[in-house]
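Enquirer: Protein sequence lines, in the order shown, are assigned to chains G and W. Under our numbering, the first sequence has 32 at position 32, and the numbering climbs by one with no breaks. Under our numbering, the second sequence has 179 at position 179, and the numbering climbs by one with no breaks.
Derived by calculation from the structure, the hints in this document are not laboratory data. Where hints are given, some of them may not hold.
Now the in silico label distances, taken between C-beta atoms and shown as ranges [claimed, not checked]:
hint: 1; chain 1: W; residue 1: 85; chain 2: G; residue 2: 12; range: 13 to 23 angstroms
hint: 2; chain 1: G; residue 1: 57; chain 2: W; residue 2: 85; range: 25 to 35 angstroms
hint: 3; chain 1: G; residue 1: 93; chain 2: W; residue 2: 219; range: 36 to 46 angstroms
To spell it out: a stretch of chain G is covered by chain W in this simulated footprint if at least three of its residues, at any positions, have a beta carbon under 8 angstroms from a beta carbon of chain W; those stretches are [to be verified]:
hint: 4; segment: 113-121
hint: 5; segment: 186-192
Given the structure is predicted, the values throughout are model-derived calculations rather than measurements. Quick reminder that beta carbons are idealized off the backbone N, C-alpha and C, glycines included.
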Amino acid sequence: MTLLELRGVTASYGPVQVLDDVSLTVPDGGAVGILGANGAGKTTTLRAITGMVRTTGTIRFDGADIRGMRPDRVAALGVAHVPEGRGTLTDLTVRENLRVGAYLRRDRKAVAADMEYCLDLFPQLRDRVRSNGSALSGGEQQMLAIARAFMSKPRLLLLDEASLGLAPGTAKTVYEAIRRLRTESGIAMVVVEQNANLAFTLVDSATVLETGRNVLTGTSDELRGMDEIRRAYLGG
Amino acid sequence: MGTFIQLVVDGLSTGSVYAALALAIVLVNQATGLVNFAQGGMAVLSAYIALELVQLHVPLAIAIIVSMAASFLLGAIIERYLMRRFERGDPDTAVVVTIGLLTLVTGVCAWIWSYNNQQFPSLFPSSTVSILGAVVSVSSLGTILVIVVIMVLLQALFLGTKLGLALRAVAINPQSAAFSGMPVGRLLMVGWGLAAALGAVAGALVAPQLSLTPNMMDSPLVYALAAVILGGMTSPLGVVVAAWLIGVLENLAAVYLPFIGYDLKVAVPFILIFVVLLVRPQGLFGRKAVVRV
């Protein structure tokens, strides 16, 4: 069953059109990558889904038309967006950040259990539950952003460049945790990533964007085998 | 000894008035990240609304509660239709807009009610009680009590409730708040509304002491800002303690330091700010903003 579907989506910031014609299909429980160079429209595609940018075309989540819907309404439907830059709530503690993620939930016991789960998933955060968000390292803030998104109990997770600015070892740890999250919770994912090698460890299929259009779409295995993908994104 | 206690209690009472306004400023700051210079002007408007009701023979307590409700609505409307345009932009612009708003609200009050002083009834009886040989007015004690209750409620709101967490989250990072399902616009309106309602309490506490005029709150606002800086923007408790400190030290300095006297007592809070900012820039109770670079 299709959970998220984008068809012929365009998006613009003022007069500047960033997405020209983007399509994307995410099955329930599936994980789809969006690859591409800087400025190809990867981040904007995610922002189009959560109502952060003006769009045309079709955007459907779980059968409902969500194009142009306010970000908090989209979140309430079960879409959690881990934004580029991590979106840390700097003056709140780690625990408060996680409580923000659970804002819409009323099931207190399950929230407490999920918080424990997050702290197991990212043991580094457990040591710092009382620290302010601003005191965390970049890697810890990325883990916090993912944990905060998970706390909303989403059906779809949008991950924007989770490896950006992290040391290779840290990026690997973060992706291992996301993979574990995916296996254990079955949350569907859209993964925007510049580091295609990392992305392919997580996603089943991917699409490549260039100047706001899909230029290639295929399964991870198909894409990994293609020469142009190897040259452009996999380092030879 | 009697004089000393009397000075302290009176200082706590004046300090409590500064505290009420300072708490409203902290509330808006925690909920929107801004400093609202119009907070005093809005409090004056609330006091006039309460006075109008009293003149229609509404009991004072009910008049104040109704004016709080009206102020809540007004605060929410100001946020929605005025401040909303400036919140995404440069924070300095938004602060200047609040200064403009202060001028506007004061002008509107003067236009409707003139600059003449008006008597505002007090919530408390004018009797006195004797504490350790000092004669202390019931209204001073009542004012202090009201502020303590408000402070406890605010502290509980920010630290113990989902609404408080949401208000803070929206101020810190509206995008992340929205991604977690928080209705950002509505929460901003609630923050301004609550602060305006709190300002209405401040107005009702000040007006009987200073008598009601459109610019009644101008000098309390200066002291309230001093208390906010001194106490630290993030801590309701800190702000109240700072406001009390200002009220008490100001009173004591005026009497016991001949060098200062009544003429220079206005300088006391600023000397205090100067010293505190040198030693503890985050304020007496504020959390230090630690940023990892």
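Enquirer: For every hint, state whether the structure bears it out.
Expert: Here is how each hint holds up against the structure:
For the pair residue 85/W and residue 12/G, the supplied restraint of 13 to 23 angstroms holds, since their beta-carbon distance comes to about 22 angstroms. Here the CB-CB span from residue 57/G to residue 85/W is close to 29 angstroms, well matched to the stated 25 to 35 angstroms. A hinted range of 36 to 46 angstroms holds for the C-beta pair residue 93/G and residue 219/W, which are about 38 angstroms apart. Counting residues of the segment 113-121 of chain G whose CB falls under 8 angstroms from any CB of chain W gives 0; the rule of at least 3 is not met.
Residues of the segment 186-192 of chain G with a Cβ under 8 angstroms from some Cβ of chain W number 0, which does not satisfy the need for three, so the listed coverage is violated.
Taken one by one, the earlier hints fail for this structure at numbers 4 and 5, listed in ascending order.
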